[in-house]
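Peer 1: Okay, so the sequence shown: first residue is 1 according to the numbering used here, each after it adds one.
Check each hint, because a few of them may be wrong.
Stated by the list, open to error - Here are the in silico distance ranges between beta carbons for each label pair:
#: 1; residue 1: 70; residue 2: 254; range: 56 to 66 Å
#: 2; residue 1: 100; residue 2: 75; range: 17 to 27 Å
#: 3; residue 1: 297; residue 2: 252; range: 20 to 30 Å
#: 4; residue 1: 75; residue 2: 212; range: 33 to 43 Å
#: 5; residue 1: 63; residue 2: 245; range: 21 to 31 Å
#: 6; residue 1: 291; residue 2: 313; range: 32 to 42 Å
If you're looking for bench data, these hints aren't it; they were derived computationally from the structure.
Every residue, glycine too, gets a C-beta built ideally from N, C-alpha and C.
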Amino acid sequence: MSDDTIRLVTIGRVLRRRRRILAILTLLGALAGYGASVLLPPRYTATTSVLLPGQWEQRELLTQAEIASSSTVVDRAAVTLHWSGVSAGELHDQVSAKATDGNIIKVSGTADTPERAQRLSDQVAQQFVSFAAQIAGNSTDSDASAGPEALRQQVEQTNRSISDLAGAADPGRTVESVQARTELEKLRTALQDAMKKLDEADPVTDKGGMVVMGPAARPTGEAPPTRTQLIAAGALLFLLAGIIGHLVAARANRRPRTEAEIAAALGSAVLGTVDVPAERSAHRPGGRGARARLRRLLGVDSRWDVPAPRTSGDEAGRRIRYRRVCARLRDQLPPPRRLLVVVPDGDDIARRAAGQLAAEADRGPAPSSSSKGYPALRVVEVSASRPTVPDRGAEAGVLVVLSAGSLTAEELAGIAEACADGGHDIVGVVVAGAVRARQARPAGLPAQDAGAALAGHAHASGGPV
């Protein structure tokens, strides 16, 4: 998992195998969102539209939107509203304006009640229109002669002057008089065309007279984020945090998974791999107490990062693997062939595999003059965090049985050191894996539970279970 790309199947595995803890995290997130909604008072937003007649460029509309939400306009609105406990600076954070299509400035006000939001939006829009009219009036007063009406008067006066000059000129007796009359007529025509264009452009280019398009509608719902949105956001945030936490933990997991890595950590060779039919308690660590019960309640007492058990053959095929391991032990051990089988505490797959291996050794061929019997196996469980292996007696060594990815490299090294402290040599390692049984157990095979076999062998040898 640490070297694999995170795929959708991995996320699906997290959702499927950690659904209980993820559901609890989602519920906690929803409660956190609800708590945030209680701490944050509800807010309501009302919007008033202001129409700007004439032709406006986009940058000019943006400038008008900035003016509508400026401190000057908001301060005037604050003075008019005169809300106790609310300063102009606070109102400035509750007012916004934006330019939309159609030369419309939308002024929005946010408050703790729908009525206040409506009054704030309307008052800011009115102050904006008044302030814009004041600016336009000051500009007109400073240069009144440049207005359209003054230009019309100047054009009419110029036309009269042209008529007077044309009447006083020589009525076509000389070439110069004819040219002068022609130039005067051209000037009159140009002035008339200019005046006509001015009359056509006047209603379009007039940017005065902003209009408030009615009062703001009273809001009927809360402004985002609403309580429902906060609850949904909290639940989603906690759910994503839980999934990401599982993926990060899986990425950081450096537990040996391959046979070569396990053998290197224990300093011994792998004698073989055996299959154990998967049960509901597969990959679930044992243990009692409040902590173990809490882990079972949260659904985190089983591993999620292991692949689904593959389908194996029948019981006879699985027994062949156990007999081959027993045969390898028989061939490499000198008499008396006794071994101490060490199983990590909490590794249910390894515990069941060790019990079946011990049962298979008991069912093996009896020693005779022509054949060698299988070694006698004594199974003990040791703590992975603080392993303690019994001192060496008549055993020829230690056989370690564990499942892949169940222990870290440090824990495996600790088991190897515990074996050395007890005077044992690790003669081999057996890796157990969970599989899905294809067929039921044959009728001729004793239905001996692996856990019962483990308990029986440990009790018979006097070792701990």
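Peer 1: Confirm or reject the claim that residue 75 and residue 212 have a C-beta distance inside 33 to 43 Å.
Peer 2: Roughly 19 Å apart at Cβ, these two residues miss the hinted range, so it is violated.
Peer 1: Would you say the C-beta atoms of residue 297 and residue 252 sit inside 20 to 30 Å of each other?
Peer 2: Holds, at about 25 Å.
Peer 1: Taking the beta carbons of residue 63 and residue 245, is their distance inside 21 to 31 Å?
Peer 2: violated, 49 Å
Peer 1: Mind checking the hinted window 32 to 42 Å against the Cβ distance between residue 291 and residue 313?
Peer 2: holds, 39 Å
Peer 1: Indicate whether the distance between the beta carbons of residue 70 and residue 254 respects the range 56 to 66 Å.
Peer 2: Given range 56 to 66 Å: holds, Cβ gap about 60 Å.
Peer 1: For the hint 17 to 27 Å, verify it against the beta carbon of residue 100 and that of residue 75.
Peer 2: Cβ of residue 100 to Cβ of residue 75: about 25 Å, so the range 17 to 27 Å holds.
Comparing the model with each numbered hint stated earlier shows that hints 4 and 5 do not hold.
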